[in-house]
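Colleague: If you want the building blocks of each chain, they are given just below.
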Amino acid sequence: MGLLSIIRKVKAKEKECRLLILGLDNAGKTTILKKFNGEDINTISPTLGFNIKTLSHRGYLLNCWDVGGQQTIRSYWRNYFEATDGLIWVVDSADRVRIEDCKRELDNLMSQEKLAGASLMIFANKQDLAGAMSTDEIGEALGLNGEKFKTRHWSIVACSAVEGGGLLEGMDWMTDDISSRIFMLS
Amino acid sequence: MASVSSTVSSTVSSTSTFFIERDEFLNLIDNLVEYEDNEPAVERLKTILDRYLESPTLLDPHLEEIMSKLVAPSNNLIHETYGETTIEAAIEAKSANEGPKILHTYLTLISHLAKVRGYKTIKKLFTHEAVDLEPTLSCLLSQDRSNHLLWSSRYSLLLWLSMLALVPFDISTIDSTSSSSSNTSSNLVSQIISISKSYLSDPGPIRLAAAVCLSSVLTRPDMEHGHLQSFMSYSQSILKARVGQNKDVEGKGQVSHLSDDTFLTMGVVHTLAHLFKYGDREKFLIYVDSFLEQIILVAENGGSQTMLRKLLVKLFQRVGTTFMPVRIVPWRYQRGRRSLLNNMSNNAVVASSSPSPLPPPPTSPSSVTSEPEIYVPPELEDVVDQLLTGLRDRDTVVRWSAAKGLGRITERLPRECADDVVGGILELFSEEETDSAWHGANLALAELARRGLLLPFRLPKIVPIIVKAIHYDVRRGQNSVGAHVRDAACYVCWAFARAYSPEVMKPFVADLAEGMLLAALFDREINCRRAASAAFQENVGRQGNENFSHGIEILTAADYFTLGNRVKAFTEISCFVAGFEKYRKGIIGHLTQVKLFHWDVEIRLLASKGLGNLVELDRDYMADVVLKELIGKVCDPDLLVRHGAVLGIAEIVKAQGSNVSAQHAAITNVVVEVEKARLYRGKGGEIMRSAICRLIECVSLAQLPLPVKTQVRLLDSVDDCIKHPLEEISVSAVAGLRALLKQYFPVASTGPSSRLHSRVFEKYAKVVEEEDNAAATRGFALALGCLPAKLIAFNPEALETAVNLLCKCADINFKVGEEPDAETRRNCVKALTEIVKAVGVGENKIQTFSGTDKKDLVSVGLSKALVEKIFATLFLCMEDYSMDKRGDVGSWVRCATLNAVETLTLEAVNASKSLRPDAADNAAAGGEDEDEVLGTLAERMQLLDEDINNVVIASVQSSSPMKDEWRNPKVPEQYFDVATSITVLGLILKQLAEKLDNVRDLAGNILHRLLNVDKIPLVADRVFLTEALRTKEGETMNWASPSTTFTMIIKAMNIDVYHEAIVEGLAVSVGGLTESVVKSSAAALIDWVKTMKKLKGWRHLARLGRTLIGLMRKFEKNERIVVPVLKTVHLLLQNEALRSEDRRTAKENKAEDVEEEKDSFGPTMLKLIKAEAHGSKSYKKIVAIVDVGMDFVSEIEWGGADDEDKAYFDEILSFIFALLGHPFPKVRKYVAEQLYVALLENEGAVKDDSKYDDACSVILESAWDGEVEATEEQEVGVRVRRNELADLMGVELSEKARAKRVAKKGKEKVKKDELASYMSLVKEAGR
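In order, the protein sequence lines correspond to chains F and L.
FYI, the numbering for the first sequence is 1 to 186, going by my numbering.
FYI, the numbering for the second sequence is 1 to 1327, going by my numbering.
Keep in mind that the hints were calculated from the coordinates and are not lab data.
Watch out, some of these pointers could steer you wrong.
Said to hold, decoys possible - Which residues of chain F face chain L? A few of them, derived with a C-beta cut under 8 Å, are:
| hint | residue |
| --- | --- |
| 1 | N26 |
| 2 | F36 |
| 3 | N37 |
| 4 | F50 |
| 5 | N79 |
To be verified - Straight line, CA to CA, 27 Å or less: simulated DSSO-like cross-link-like pairs of lysine-lysine:
| hint | chain 1 | residue 1 | chain 2 | residue 2 |
| --- | --- | --- | --- | --- |
| 6 | L | K124 | F | K13 |
| 7 | L | K1117 | L | K1181 |
| 8 | L | K404 | F | K15 |
| 9 | L | K46 | F | K13 |
| 10 | L | K568 | F | K114 |
Glycine included, every Cβ here is placed at the ideal spot set by N, Cα and C.
Starting from the given sequences, assemble the full structure and let the hints guide the process.
Modeller: Listed below in C-alpha cells is the structure:
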C-alpha cells in the first residue's frame, strides 16, 4: 500500500470531496462561494486566479475551488492528491446574450475525460434580476436533455447568490449525489 | 447514509444509480434457492462485487437491500436447524450436521460483501434480536472446522455473533442452559468466548472475525469481572510465551518462521486493540501498566511479520489513548472550518461583520484559556517512544499506523508534552536515519498538521527540514532511494496549505514555494513531480496568489499533465518558470549544484539541456558565475561531478555563442585538461569521452574563435574517440567532427590543401579500407559521411573516389580483417546517405563556400553515373541478410539502406529537371487520384488483368502525360526513371512484407512519406498502391503491428510490378518463426486465397504458384528462403489454393497458352524439392519438404488418371519412398507418420483398394527409426519393410532403390554417417 492509496482511504473516511466552481466571467461564482463562507459580498472584483475554501456540510468536507472565469482551467481538472468529484456550473440567468457561449463552454468541459465521473450542479444564478430565464429555459438552452448528458448526474437549481435563495438546495443535491457514489477516483 | 431522493421542487435533475448490475444482482440472489447447482450464480455474484473493490462506497445505497436478502433466509435456516437440535446435541453431531448447503452459500456471499465493503459496515446489517443468539451460536459450533472450503461460513457467523452479543439484556435471561445447569463454564457466554478464542490462531480472515466477536462480548458492561479478567490474563500468558519463545529461537540462532504461535499472537493483539478501543477507558486503566510492559517486550523482539508489527503499533496507540481522557486541547491551532448551513442561516449577522478570525472552538469545560493541570503518566512516554520507532519501520503500513497513532495521542496531551512529541519526530530527520524514518516522520508531521497539533511557532524549524526532505535522495551504490520521502514531503506541504492561515505561512512561503517548484520541475520521478505540483496548487489556492508570486501563471504552464513528460519539464517548463526573476536563481542554482551531478546519467543530460535553454535569460550570470564554477570542476575526483560539469559547460557554451570571451581560453583548455588528467581511462571513461565530444561539438557550433593549433588539437581528440568500440561514443565523436570540420579548417577555392586532405579524407579512407579493427572501420566509415562538401566534393574526382570507396565497403562481401562486419557496412550506407544529403544530386549542383584565398569554392553534386552506382549498391545492400551470433545483423544494413534509398530518391527526383517543372501538376493529379472512387475488388482485378505494360503506362499517364525522356535513360539531367522507381518501391514493399517488426515499421513509414507526403512521380500503379496502403483518416499507422500491416500488403500483392517482391518478403513471414507474424501473415494470405477463389481469380492464384517456384529456383539450396517458401507452399496446398485449381487450369490452358502454362505447379515443385532434398542434412528443411510431398500424396487419385498423371503420381510416391529410406531415423519416422496421415485422408493413393488396410498396418507396425538393415536385435530392417510397403501400395521402385542403397557404401560408413546425423539432429532438437 503506497501513500496515495492511504490518502484516498483517509479522504473517504473523512468524507472529503473536491468541487470546482466554474462558469463564464461575471456569473457570480465568487459571490456564491463568499456567501457559503459567510463573508461580505459587497466588495467583489473579478477573480484573478482561484481560491480554495473548505466548508463542512451535512458531515461532509467540501473543498471548493473557485476558478476565475477567464482562467485556463485545464490545470485544475485533476491533481495528484485528489480528483474532481463535482462541478458547480454557474450561469448568469439574466445574460441572454451569452447563453450560447455558456453552452459551448459547458459542452467543452463535459467532453473532458478527466471530469467524466463528476456530478454536475448548475446554478441558474441572479434569479432576483428582472428578465431572468427560468431553469427550464436554461436547461433547454444548455441542451441538458441531449445525448451528452445522458450518462451524467446533473441538476439545475434556480438561485440568487445575493439573496441566498436556492443555494442550500443546490448544495444539498450535490452532497447527496456525491455521497451516493462518493470518492469514485478514476 | 443520506437518502438520494431530493425533494427540492424548483430543480430539474437526472437520477441514476452507480450500481449498474443492481437488478441482475438481486435477481440472482432471489433465485439462489432454486438452482440445482448454484455455483455459476455465486461466481457471477462475486465477479460483480469484485468490480467495486476500488470504490466500494458506490454499493452503499443498496447494501441494506442486499444484506436483508441474504440475512433473512440464513436466519430462517439457522432457526430451523436449531429447532431440531440442542446445543449439546449440536456439539456431539459436529461433523455430521453442517447445515444445508444453501446456508453456506448465503454466508459466503456475506463474507464476500465484507471483503469488498469492509466488515465494519457489513456487520451492522445483521439481525440483532435476542432470540437469534443461541441458534447462531449453535450453528457456529456445529461447523466442521476441518473443512477449509467452508471457512467463509465460520467467518460470517462470527461476525454475526459479534452483533448478537450486543443484546441489551442481561445475557443470562436468554441463556437456556443457565437454568438447567448451574455449571458456569458451559453457559452461553463461556461458549461464545471459548469458540472465539479457539479461532484466534486461525491463519486466515476468521482470526479477525474472532477478534471482533471477542471484543464485542468482552466489552459488555456485565463482563467486567470474570470473563474479561480471565481473558486478560490469558492474553498475558500468550504474550509472555511469545517473548520466551522468541528468545529461545534467538538463542538457537534460527530464523523464526510463521507458526501457529505467530497467528495466535496476532489474534490476541488484535483483540486487545479492539478491547482498548471500544472498552470503557477507565475500566481498562487497571490493565494498561502490566500490558504495556509485555507488549514492549513483544515489540522489541520484533518479528518479520508486517501485520503483527502493524497490530502492535495499533495496540500501542490504543494503550496510549487509554491513559489519557478524550478532550479537545485548548492549545490546538484552529484555522477552522465553516459550516455551510450556519453561514447561510446567519446571513444578517455575517453581512455586517467583516471576515474575522473564527470564533474559538465549541465551548467545553476544558476550553478555558489557562490549561488545567493534567496528569500525564510516565508510561505514556514509552508508548510514544514505541510509536516513534514505528515511524521508522520498513513497511509503509506500519509507519502510517504509527503516524496516525501519534496524531491521536498528541490530541489528548498538554501542550508541553505534545511539543516533545513534535521534537521526537523532528529528531528523525537526521542524516544518520534511514529513508524509512524520513518518510515516517513526514507522514507524522502531515498528520499533526491536519489535526491542528503542529503549532505555528514550530514552523521556523520545520520548514527548512521539509525543504530538505523534498529533495531527499540518497545514493545506494548504482541506485538511490528517497522517492517516497520526497513524495511524502510534498504531502506535508499540501497539508500545511490546508492547515495554516496565510498570515502564519507568509514568512515561509518563499522557501516552500521554491522547494515545491524545483521538485515539480526537476524530480526524477513522475509521481513526485505531480505531487509537488499538486502541493503548489493547493498552496496558491489557499494561501493566495499574492503570497505565491506568479502562482497562477506557473500553475497554468506546469500542470498535472505537462509535468508528466520529464523532458518537457526539464527543458521547456523550467525555462518558463525561470522567466520569473524570483525563481530564476533558485532554478539555475539547483541545476548547477544538484541535478547536473545527479546519479542518473539521463538526469545529468537533461539538466545540461535545461541549463542551456536558460542561458538567454541571464547571459552575464551564466558566463561569469556558472561557467566559471563548472570549469573548476571538470577534473573533480567524483565522476558524476566532472561529467556533469563538462556537459553543463558544453550546453552553456552552445547557447552563449562566442559571447564568452572571459572564459574563452579556459573552455578550450577543458579538453586538454581532461585528457592530461587521463580521465578517459577506468570507470566512467566512456561517458567522459562522449561528454568531451559534445563539448567540442558545442564549441564549434558556438563558433568560438580558435587558433589553428587548437583546431588541430581538437581534431586529434575527436579522431581518438571515433574509433572507440562503444557506438555511443563514436556517434557523439562523429557529431563533434561534423561541427568542427564545418566551422573551422578553411579551404581554398581549389579545394583543401593537400595536408588537410591527407589528414582527414585520406586518413579516414585508408582506415576504412585497410584497418582490421572493426571499431575503427565502423567509426571512420561514419566519419566519412559527415565530411562537409568543401572537403569531399571540391572536384568530381574526389567525390567519385569517396563514393566508390563507400560503395565498395558497403558490399556484403567486404571484410574487415578476416571477418565481415555488419556495422561497418551499415555505417558505409549511412555515410553514403549523408554524402547524398551534403552534396546533392546533379553535376551542376552548386554550393559556394568562401575560400581562404578570397575566392569562392564551388562544390560539385553527384553525377548521373554516381547516382546510378549508389542506387545499384543500395539495391544490393537491401539483400543483406547476413547472420551472426547476434542474429539478423543484416537487418541493420537493410534499415540504413531503406533510409538511404528514401534520401537518394528524393534528391534524384528533385534534381531531375524534366520531373520537377511539373511537380505541382503531379501533386494535383495525385490528389485527384486519391479522391477517385475505386470500384470493388473484382473491378480492380479486371483492371489489373490487363497487360502489365499498359497498366504501368496508364497509371503513369493518369498522373501526367508520359514523356519519352522518362523511359529514355540518356536524357541529360534525368536521374530517376520508371525502372528505378519500380525497383525502389518493390524493395521497400518487400521489406514491408518481411518478418522483423522494426524493419516493417521503417519501411512502412518511408513508403507512406514517398507516396503521400513527397508524392514522388513515376509511381507505377500509384492508384492501386495508395489504395492498398490507405490508412484511416487521421490515424497514425503502426506498421510494426503485424495484424494491420499484412492485410494491407496483401492487397498490394495483386499489382503486377510489385508482385514478386512482395511474395518474396511475404513467404519469409508466413514461413517464419515469430508467432504473431506467422499468424497474421498466414491469416492475411488465406483470406486473400479465399477472396480470389470466390472471385474466380485463378490467374492470380496460378501466378502466386509460379512466383513461389521462381523463388525456389532463384534461391536454390538457400535455406533462409527455401524453408519458409516450402512452408508457405504447404500452407497454400493445405488450403487448396494451388492444388485443385492448378491442375485444372493447367489442363484448360494447355490448348491456348501452351508456352506459359506448360509446367504445371505440382510436377515442377516436385522436381525442385527433390533437388533440395538431395544431400540435405538439415532436418528443418527435410521436414518442410516432407510436408509438401505429403500434400502431393493426398492429391493422388489413381482412378481415372491419364498417363501423364500416372507418371506424376509414380514420381511422387517414389520420392516419398526414397525419403522413407533416409539415413536419418528421425526423418524416416516422420515420413512414415505423415504418410499414414495422408493415407487416412486419401485412400485413393493406394492403387489396389484391397491392399489399403495391409499398407496401413505395415506403416503402423514397423519401427521406422530402427536399423536400416536387419541386425541381431531387429529381425527385419527398415529397408525390407519399406519395400514391402511399396509393393502393397503399388509403387514401382527401381532395382537400384530396392537394393542396398545405403548399405552399398559399407556398414562402417553408415554407422559414421548416422553418428554425424545424430549429432545434427541433437543440435536441431536443442534449438
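Colleague: For every hint, state whether the structure bears it out.
Modeller: Hints versus structure:
1. With its C-beta approaching chain L no nearer than about 19 Å, N26/F sits outside the 8 Å limit, and its interface hint is violated.
2. For the restraint placing F36/F at the interface with chain L, the shortest Cβ-Cβ distance is roughly 5 Å, inside the 8 Å limit, so the hint holds.
3. A cut of 8 Å between beta carbons decides the hint on N37/F: the least distance to chain L is about 6 Å, and the hint holds.
4. For F50/F, the interface hint holds, the least distance from its beta-carbon to any beta-carbon of chain L being 5 Å, beneath 8 Å.
5. The criterion of a C-beta within 8 Å of any C-beta in chain L is met by N79/F, whose closest approach is roughly 4 Å, and the hint holds.
6. A distance of roughly 17 Å separates the Cα atoms of K124/L and K13/F; the hinted pair therefore holds under the 27 Å criterion.
7. For the hint pairing K1117/L with K1181/L, the CA-to-CA distance comes to about 10 Å; that is within 27 Å, so the pair holds.
8. With a C-alpha separation of about 17 Å, the suggested pair K404/L and K15/F falls inside the 27 Å cut-off, and the hint holds.
9. For the hint linking K46/L to K13/F, the alpha-carbon distance of about 25 Å falls within 27 Å, and the restraint holds.
10. With a C-alpha separation of about 21 Å, the suggested pair K568/L and K114/F falls inside the 27 Å cut-off, and the hint holds.
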